[in-house]
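As they're listed, the protein sequences go chains U and G. So the first sequence is numbered by the numbering used here: it starts at 1 and just counts up by one. So the second sequence is numbered by the numbering used here: it starts at 1 and just counts up by one.
Hints may contain errors.
Okay, the calculated bits of chain G under chain U, using three or more residues with CB under 8 Å as the criterion [unchecked claim]: (1) 142-150; (2) 170-177.
If you want the ones that stay clear, here's a sample from chain G, every Cβ over 12 Å from chain U, calculated [stated by the list, open to error]: (3) 9; (4) 54; (5) 55; (6) 57; (7) 72; (8) 95; (9) 160; (10) 197; (11) 198; (12) 205; (13) 226; (14) 237; (15) 239; (16) 244; (17) 247; (18) 288.
Because the hints were derived from the structure by calculation, they are not lab data. Predicted model, so just to flag it, every value in this text is computed and none were measured. Even for Gly, the Cβ is constructed at its ideal location relative to N, Cα and C.
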Amino acid sequence: MIEKNVAGSVAWIDIPGPLQADGERGIRSLTDEIRDCMVDDDLKAVVLVLADSVPETARRDTMPNDFPPVTLRSLAGPTGLYEVVAYSSKPVITQVQGTCQGIACLLALYSDITVAGDDVTFHSPFSHVADSNFVMASLTLRHNRAKWWLLSGDPIDARTAVRFGLVQSVAELADLRNRTAEIAARIGRVPSDALTISKMNINACLDALGVGQDFDTSGLLGAAREHPHHLASKGAT
Amino acid sequence: MRRFGSNEAKQAATTQVLCDVDHSSHVAYITLNRPDKRNALSVPMRYRMTDLLHELEDDPEVRVIVFRGTGPSFSSGAEINEDWGQRGKHKRFTVEQAYLYSAEMTWGRGGFGQAIARCPKVTIAQLHGYCAAASYFLLASRCDLLVAESGARIGALEARFMGPAAATASLHLVRILGTKGANFTGYTGEAMTAARANNLGLIQKVVPEGELEAAVDRLARDIGARSTGELLFLKARIRFGESILHANVPVVTGLLMSHFLRRESDEHDFFSTVQRGGVKEALMEERRRHGADE
């Protein structure tokens, strides 16, 4: 389902549909692909291109729950998708558009830089993805804005997302990929060692601020909660 | 357990902090009702707020709690010209008295601010007029959602007379406003406009004059219509994150030192004037002396 291409020193990973559509195998495949990019000496940045995360007709309270199950470990564990992105050793850029919710929304939150189409709306993942990282949301959006997003159910549009700091650049859909490529190219001009050392420092700051603790413990809250859309298999850690 | 405050203040608190519950919408309203004093919070009023919060926490039909005020302003903050039962009137308070006041009745773990911060129900602050001093950094900013009328003014106005204290030393304000935002608004004692507070990230929604009550009512009912389980989970999620961010710790405040232990001549004059002529006279005197515009 995912497709990887390399342009210069940037890897582009296209994910054409909902991330959980291929279940556990799909999540692990994506995670492995990102990790391989981190150990590729010729690459300096990774772009995750996320299409609309759910069909247009789906609403928050009717998110499909007939996808194959995905373990907590593969998503929220120390080697799971979220932490591989949040603690990557090279910059990860997410490109999003349309309805961005669930795992796609979380990847936008956890990545280093997000570029969005002007039609994007970010829907709070906290009700549906119990292991969402609130500390990261608070640090990125600022505390009260994160609480509003979480409690009110109001989606964040492109213009607000830039103001809040969730998105760093917005482009018309026809120009979106070019805008992302421009940003990726700028990163590509920075020496590799400098990028990796910078990421090491940033990751240490995230841990000091509590992002890692929230990852470690959010899964406990998720496991304790019975919810039809919670993506966790029984007995997973 | 001993509760401080004069008998008159204790009796008055039951009508100065009102509580109404609409079980059909799952919304409770805590209303500050002391408009002649701009809803200044006496010690018994603060105890009452904590007691009400505990009752509402135990009511399974309540999902949302709205804080609001009657009269021209939400609240001017803590009552500062009050005999709450300390031993006589001294020029210099003991550390013991200061700790009791702060830890039990105001900023500390036993205070109403902590009761709000740790409440498992969704809390909303409905702000109009002035939201100043303790009502800003202990009440409104501890709520989950803040909705303000466009003409509202919010800030640690007391910082102009008593130093920035809690407005800069509060971890939760640093998380909300950012470090520079908290420093600037605290050290200057800025009365943030609703728009500025929205830009800084404190207030999440600003509504036109005259539309505040309806807007908050609508918001509270919308949230109250969601399931108890979901809301309890989301609040637990927030509180969990806040504990990691240290955003729920009690305020550490230099007010403890300046207010109670040793006063500079300016502060001494201010409090002397308060005791002699009341808060209004003291504020007028400050305006005459320093040319303050608010």
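Quiz item: Would you say residue 237 (chain G) is clear of chain U, with no C-beta pair closer than or equal to 12 Å?
Solution: Violated: least Cβ distance 6 Å, not greater than 12 Å.
Quiz item: Does the claim that residue 160 (chain G) lies outside the interface with chain U hold up, using a Cβ gap greater than 12 Å?
Solution: At roughly 25 Å from the nearest Cβ of chain U, residue 160 (chain G) sits farther out than 12 Å, so the non-interface label holds.
Exercise. Measuring Cβ to Cβ, find out whether residue 244 (chain G) lies farther than 12 Å from everything in chain U.
Key: At about 4 Å from chain U, residue 244 (chain G) fails to clear the 12 Å cut-off, so the statement is violated.
Quiz item: Taking 12 Å as the cut and beta carbons as the points, is residue 239 (chain G) off the interface with chain U?
Solution: Answer for residue 239 (chain G): violated, closest chain U Cβ roughly 9 Å.
Quiz item: Beyond 12 Å from chain U, beta-carbon-wise, is residue 72 (chain G)?
Solution: 25 Å, holds
Quiz prompt | Distal placement of residue 205 (chain G) relative to chain U, Cβ over 12 Å | solution = 8 Å, violated
Quiz item: Looking at residue 197 (chain G) again, its CB stays over 12 Å from all of chain U?
Solution: 10 Å, violated
Quiz prompt | Per-stretch coverage check for the stretch 170-177 of chain G, three Cβ contacts closer than 8 Å to chain U | solution = This one holds; 4 residues, not fewer than the three required, reach chain U with a Cβ under 8 Å.
Exercise. Report holds if the minimum CB distance from residue 9 (chain G) to chain U is greater than 12 Å, and violated otherwise.
Key: 33 Å, holds
Quiz prompt | Claimed coverage, the stretch 142-150 of chain G by chain U - three or more beta carbons nearer than 8 Å | solution = Coverage by chain U holds here, the residue count being 3 at a Cβ distance below 8 Å.
Quiz prompt | Interface-negative label, residue 226 (chain G) against chain U, beta-carbon threshold 12 Å | solution = 8 Å, violated
Quiz item: Are all beta-carbon distances from residue 55 (chain G) to chain U longer than 12 Å?
Solution: Per Cβ check, residue 55 (chain G) is outside 12 Å of chain U; nearest 22 Å; holds.
In this structure, the hints that do not hold are numbers 10, 11, 12, 13, 14, 15, 16, 17, in rising order.
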